[in-house]
Amino acid sequence: MQRKIVEFTNLLRKSGLRVSVAEAIDAFEALDELSIEDREVFRDALRASLVKRGDDVPTFDQLFDLYWSGFHDSLKQAFEQAAAALAEDGIDMERLLDRIREMLESGQMPEGELDLSDLARALLTGDLSELEQLIRQAAAQSGVARIENMLQIGYFGRRTLEAMNAEGAMRELRDLAARLRAAGMGDAEAEAIGRLAERFFEALRQSVRSYMERELQTRNFDYMEKFRREALFEKSFYSLTEEEIARMREVVNRLAQRIKNVMSIRRRRLKKGKLDLHTMLRRNMARGGVPFELVFKERRKDRPKLVILCDVSSSVANVSRFMLQFVYSLQECFTKIRSFVFVAELGEVTQIFRDHEVNKAIEEALEGGGVINVYTRSNFGMAFHTFWRDYLNAIDAKTTVLVLGDARNNYNDPKAWCLRDVHAKAKNVIWLNPESPSAWGFGDSVMDRYLPYTTLAEECRNLRQLSKIVDRLVL
Amino acid sequence: MFDSVQDVQTRLEKQGYICDKRIATVVFLAHRLEKPILVEGPAGVGKTELAKVVAAATGRELIRLQCYEGLDEAKALYEWEYSKQLLYTQILKEKIGEVMQGTRTLREAAERVGQQDSVFFSDQFVVPRPLLHAITTEQPCALLIDEVDKSDPEFEAFLLEVLSDFQVTVPEIGTFKAKHRPLVFLTSNDAREMSDALKRRCLHLWIDYPSEALELKILETKVPGIDRKLAEDLVAMMQRLRQVDLKKTPSIAETIDWARALLALNAESLGEEIVKDTMNVILKYEADIRKAQQELSRMMAARTPAGAASTPGAEPKPAAKKGTLH
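One line per chain: the protein sequences are A and B, in this order. The opening residue of the first sequence carries number 1 in the numbering used here; numbering runs sequentially from there. The opening residue of the second sequence carries number 1001 in the numbering used here; numbering runs sequentially from there.
No lab work stands behind these hints, which were simulated from the structure alone. Any given hint might turn out to be false.
Cut-off 25 angstroms, straight-line C-alpha distance, at most; resulting in silico cross-link-like pairs (DMTMM-like, lysine to aspartate or glutamate) [to be verified]:
#, chain 1, residue 1, chain 2, residue 2
1, B, Lys1199, A, Asp56
2, A, Lys427, A, Glu332
3, A, Lys336, B, Asp1190
Produce the entire structure from the sequences given, and follow the hints as far as they go.
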């Protein structure tokens, strides 16, 4: 049992869950305290001690089914099917098995003792746990650990059946039928035993096959899952599918949460300022004005002010969808934040983001809300000019301006001087560009014109880059 | 205490807390392994309540520590009672004079005082806060650390220390070690993710919204007088509402509140009118109420053919009671 749990925790780890040794030990101890007869209790005990994050629960459940419970069920199912098939032929499996057992026990066998193999015995007694054990052993012997793809299922299945000598067990059963007939069993019943053997063999074959499939899945699960996760991190924003964007959301949320955490720590470090005489005297009145408890003035919290300009033109359609999610999450974290979207026109979406849940908000910002006309060609110059004209007073020395866009200006006037003025007033201007720096300034890109007026300009094409930049921004 | 998972379930049920096997299993394990439970889940599913009923079911005292931003050791663990110390010094002034008698030099006097200083730094002047209280208490107790996600990361690190050995050192006095390990519940609303180190030390329990059958059972336990049919309708509607994308999804707490409200209004069935009037019991945002109403009309439209007979009879009543809620 212990080995199986260790193997299971390894499986969890491979699938990206963080399971420590201490937690595996907890799982052992937990199982000592419980009867593991009840599968639900068993699952709950493992889950409580091994899985500590809500996000990981689905992965755990899937793996648990694959690893622990599923096979027994499918075995049971296969034999129930066999029974049903026999019933169609007019044979009652239970009664037949009872009859065989009865005959065996009554010692009516003419030719001395009958030496049945474990497999045949398990089949005759309907002992599924024993059967499961036998299949597992045989599968291990056949080297199923090396299984890599679907095509090998047949091969390993055959080897497993050979390893457990399934053919032999069937011969034993047929042999048994012959002997029982000799001992006085009716012809019809003896024939039924032959049919039974066939059905059992079929059920066994099916179970072994499903065991192989399961094995392949567990081995591949971690691989697929890991692949999916990494890919998400590395994948360029340009090629994200709709579903991936949705999945990104939780990652982005976590990113935003991290920013907030770091911010709160920094805020607290800054907290202690000069002695606050008034409050201190009042607070220590109870001790006759003797200053037992010192009170310091809180330093003015340096809450970041953020102004975000997000390009939502069609050239960056996917990127902007994702970036808007990021902006949305940021807005949930910070209070002093204003968000704008632009193509050629520029419009504020702060309120929309505040009022709606994320998908609706993005929909509104992009199409439905009539904030801006998104079906024009991008014109950064015009957008910056609008910003300069209408919102320059929103910027002060504490404001960080974040621009998200590719700076592809369709050969319009870049009006870089607008950004210059913004840069002069703001604390920082940060530009995240989904294009690589080698493409900046080529074709209709005017990134080079804007570059002098940014504090930081970075390529930001995938999540990994974004999270790196975020770390740099807040630390 | 608890003998089996089943035992947990029955004893909690006796306290009016209906739970599924999963919760019972974790509680049972926590008790057997003497490990804290980290309870997570949406607001209002009974996280805090779980700690309360487990304490009640085991006859333990419940000590509660409510976490918030800026909570520090002085408020969670212990504090010196300065004013009491000061008062004692004033009262004991003469006595101090006696102690000082016969000392000639300043150094001698200081030494004399030094010999006595344990008087001023003794248990007498320590105000125990929840954590110290949980450690020093004579009887086994249950400790509830509520909304631990609201506390700062520093406090979390400090908690780790306490939770791993259940001992606390007060520099001036010495080390307190727990006689009985308290049963610890930490609750979190997932406002931020707790550190791995903390999670590693705890068993994890995720309480989600209950299934329809379970919710019905809870409702009937918590609101005894409720009509079976009404309860069924109500629960069905709540389950449906949770599918809608709302800002604040209504929880079990809201189901119970709503049932009580309906009971107070003498409603016998869920007519469209009365639902509209009492919607603000379960939904806390204007936008949510609007959304829910759309969903509701859809639901009612689907239901009308079957429930047509009962609706007209129920309608006049809520109309008459309209004023009571607003």
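Mind checking the alpha carbons of Lys427 of chain A and Glu332 of chain A for me, to see if they're no more than 25 angstroms apart? holds, 22 angstroms
Q) Between Lys1199 of chain B and Asp56 of chain A, is the straight-line Cα distance small enough, at 25 angstroms or below? A) Holds: Lys1199 of chain B and Asp56 of chain A sit about 13 angstroms apart, inside 25 angstroms.
| Does the structure keep Lys336 of chain A and Asp1190 of chain B at a Cα separation of 25 angstroms or less? | holds, 23 angstroms
In the structure shown, no violation is registered for any of the earlier numbered hints.
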